[in-house]
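Asks: As given, the protein sequences belong to chains U and A, one line each in that order.
230 is the number that the UniProt record's numbering gives to position 230 of the first sequence; each next residue is one higher, with no gaps.
431 is the number that the UniProt record's numbering gives to position 431 of the second sequence; each next residue is one higher, with no gaps.
Think of the hints as simulated: they come from the structure by calculation, not from any bench.
This one's a predicted model, so the numbers in the text were calculated from it and none came from an experiment.
Check the hints yourself; a few may be wrong.
Because identical chains share one entry, a pair is satisfied inside a single copy or across any pair of copies.
Said to hold, decoys possible - With a cut-off of at most 16 Å between alpha-carbon atoms, the simulated EDC-like pairs for lysine to aspartate or glutamate come out as follows: (1) 121 x 289; (2) 15 x 77; (3) 10 x 241; (4) 427 x 103.
There are 2 protein chains.
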Amino acid sequence: MSEGKIRRPKAETPKGFRDYFGTEVTERKAMLDAIGAVYHRYGFEALETSGVETVEALGKFLPDVDRPNEGVFAWKDEDDSWMALRYDLTAPLARVAAQYRNDLPSPYRRYAMGPVWRNEKPGPGRFRQFYQCDADTVGSGSVAADAEICAMLSDALETVGIPRGDYVVKVNNRKVLNGVMEVAGVLDPKDPAKFEAERGIVLRAIDKIDRLGDGGVRALLGEGRKDESGDFTKGAGLNAEQAEVVMGFVSAKRDTGAETVARLRELVGTSAIGEEGVSELEQIASLLEAQGYGPDRIVIDPGVVRGLGYYTGPVYEAELTFEILDEKGRKRQFGSVAGGGRYDDLVKRFTGQAVPATGVSIGVDRLLAALRAKGRAAAEAAGPVVVTVMDRDRMADYMAMVGELRQAGIRAEVYLGNPKNFGNQLKYADKRASPVAVIQGSDEAARGVVVLKDLVLGAKIAQSATLEEWKDRPAQLEVARADLVAAVQKMLAQ
Amino acid sequence: MSEGKIRRPKAETPKGFRDYFGTEVTERKAMLDAIGAVYHRYGFEALETSGVETVEALGKFLPDVDRPNEGVFAWKDEDDSWMALRYDLTAPLARVAAQYRNDLPSPYRRYAMGPVWRNEKPGPGRFRQFYQCDADTVGSGSVAADAEICAMLSDALETVGIPRGDYVVKVNNRKVLNGVMEVAGVLDPKDPAKFEAERGIVLRAIDKIDRLGDGGVRALLGEGRKDESGDFTKGAGLNAEQAEVVMGFVSAKRDTGAETVARLRELVGTSAIGEEGVSELEQIASLLEAQGYGPDRIVIDPGVVRGLGYYTGPVYEAELTFEILDEKGRKRQFGSVAGGGRYDDLVKRFTGQAVPATGVSIGVDRLLAALRAKGRAAAEAAGPVVVTVMDRDRMADYMAMVGELRQAGIRAEVYLGNPKNFGNQLKYADKRASPVAVIQGSDEAARGVVVLKDLVLGAKIAQSATLEEWKDRPAQLEVARADLVAAVQKMLAQ
């Protein structure tokens, strides 16, 4: 068979996935490290589960449970049991909390970071693998656990470079929403399962208010809504009066936390669950206040409900408040970068016993995008010193040089391509963002010297109209071979 | 439906996978960080591809290609194309090198770390997800690239805590083996495809010499071998004379590199490919020598062949030379923790153009196990300071305390379980390996003080027969509330 007839595999990243290069990797790692250090200081312990879980253990908790593929990548194991890639870090935690319940400390504070996978239609900026960075407390029903997570989230954002004032952690409570729905007649406290579908629609509708606006949400609260594509989404079937009550809840935020709480108290009326929710919000605010986390960082905001069905109490969301330009050059708020809440029933799925839990997930990739949009990402890392190869036969000499530089802690490499064309070597050094090139031909070798080329300075000289400002600093320098390391160190320090 | 009739999901780690807790996670992270820093200093750039690849791009390069499932976890995407979890980090690199060949610097040095997945029968200590930590140079055919990888591997091992003398990097060359096989008549230089199956069997047989011994390998070189279970593995069909030549190669190692090279030269006789291989080994040794990497770290050892089929030139393997006790209490050498080699054809699969490449993979989990076996793992990390809860109503006070401690950089947490039973709180602190417990009842609160319990000292006193040695240091201390942070810092520093 001739070469031409061989069908070659396509060198393609699979659809919806992407590759990360150089600083894209190290920047994310630095962010994960910084957040992990905050979580650790708060007493949380690392946990790493594998990417694979049984489908049974994962359960179905993605917001859009109605899609045919259910949002996960799944396959059959040899023994015919179904396995799947985890779609978040919460479901594996619930499994771990149940599996090791006799061994883990209780309450169990844990943090986890790593990729999760979603079998979704890829879109611009939407990938089928992305990182999450979670912290959860399992086994505490106290709102102090929720307050702690909010404070920690605030610390984490500031630690990675979002200054106070550029973000806000919004706190709400599902119980207040339940109270409001009780008042509106879509919650029967004696039969919580009744109206569950309607409440799910209400929840997801409110969660989309930023995108759909008041009108869109009202449509979904009522009969339903036809989107731009003509697709119709069935609504919750609330009448105008009921919808009014719900919309009143969404816009219940007032200037101060106390005023918001007072307004919420009005809205939940005599609902016991509603009153419980309002009182929890008050407690969270006061616990945070005691630690110095005031409304400049954390606020009560009834507009935040979170789309996930499994939350049972406090919910929270971190939003970046600064504006960025979107793809079309329009200003818009950056929006949510983290969210979470209390989910008291996930562990119960396994054990039958109620285990209260609360936690947060930081969308690391979105947060990185925000820092880049604000120009606050770490500076591009410097490339390595490149030792060029003038004489192919003296490779051992060049490797000795690079060895010495590395021993001194200097990032360095010898050119390993075909050394014939020296211009290519300098182009390579340029592509590598190399600060210094080391050159030694046979002449220099005979004289016991090396030439150092200051590539940073060289680039500056190439850009500037006049050499005046650089004249005191030579872009090229000959030094004794024995002084190689010291001279490179000096050049790098300039 | 009654609770009892609900079928609950099993809380189980999927078969062959495992969970990692606390220091198991942080120790591995510290090791990956340390190795990554070495790779970076050598000029390698980070690359992170996703866990998922197309089956087409992955190819079939696992050593045991004859198993039915072919060793990978695979499933069909919506568009009916097959996707799979990566089984190593080399196949994705080959895909990346082909896909971005016009944008990447050439040669391209990259490092990558992360989990890989094998759809294999799980066994003791063998998991279906594990970490690899790779560094590869793509686009350089120079043996200087191989030498560099060997030096870097040596540095990496010493950096993570394997002292010189406790490891050795063994280098060999597939071309030498090919030369030997040419001499033995199982390689026809004019038709490289001929005898390929036989050479694969020879390769895998030699790779198993530690396990099968001389006799087992000889059987596989000849007619074949029946294992303990009675299963028969077909041999390469070499006659006794041919097998003798191959066995001579495996045991060609002599006291010095020069002697080994001389012996190999004898063995390959007039084979051109064999001579090329011997000469490459000589060059690698001299390049390493120039950087100070002598035979105390890196040696030529013809016993190392590596099982993978795709290697085309130098192969290398890092072995730990110290003895550990196995599960049955017997002494044995720890063995291989890293390996790699030159594979010049993997990128060609995609592009049709030859792209030389060489690289190493460190088995991080095995290396960690080795360090633990030698008692060289990092000390168990200290738990957090635990602020106990005496009065449920004063949670805000306790959270203020823990907030102050965290602000001062002290790892601390407030007890978030049910505070009713104070004994449980101290048991919790014990389980958390907490060094200090902070206690403030209403009496202490009224007097503006807190009590600090030194739990490390407490544990020591509980263990020792006499209090004499501890009498100067009280295990419990009352300090002013305002001095909380300073007093805890002092207690932690002791």
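Asks: Now tell me, hint by hint, if it's right for this structure.
Replies: Now for the hints, and whether the structure bears them out:
1. 121 x 289: neither (43 Å within a copy, 54 Å between copies)
2. 15 x 77: The answer is between: 10 Å across copies meets 16 Å, while 24 Å in one copy does not.
3. 10 x 241: Close neither inside one copy (58 Å) nor across copies (45 Å); limit 16 Å.
4. 427 x 103: between (58 Å within a copy, 13 Å between copies)
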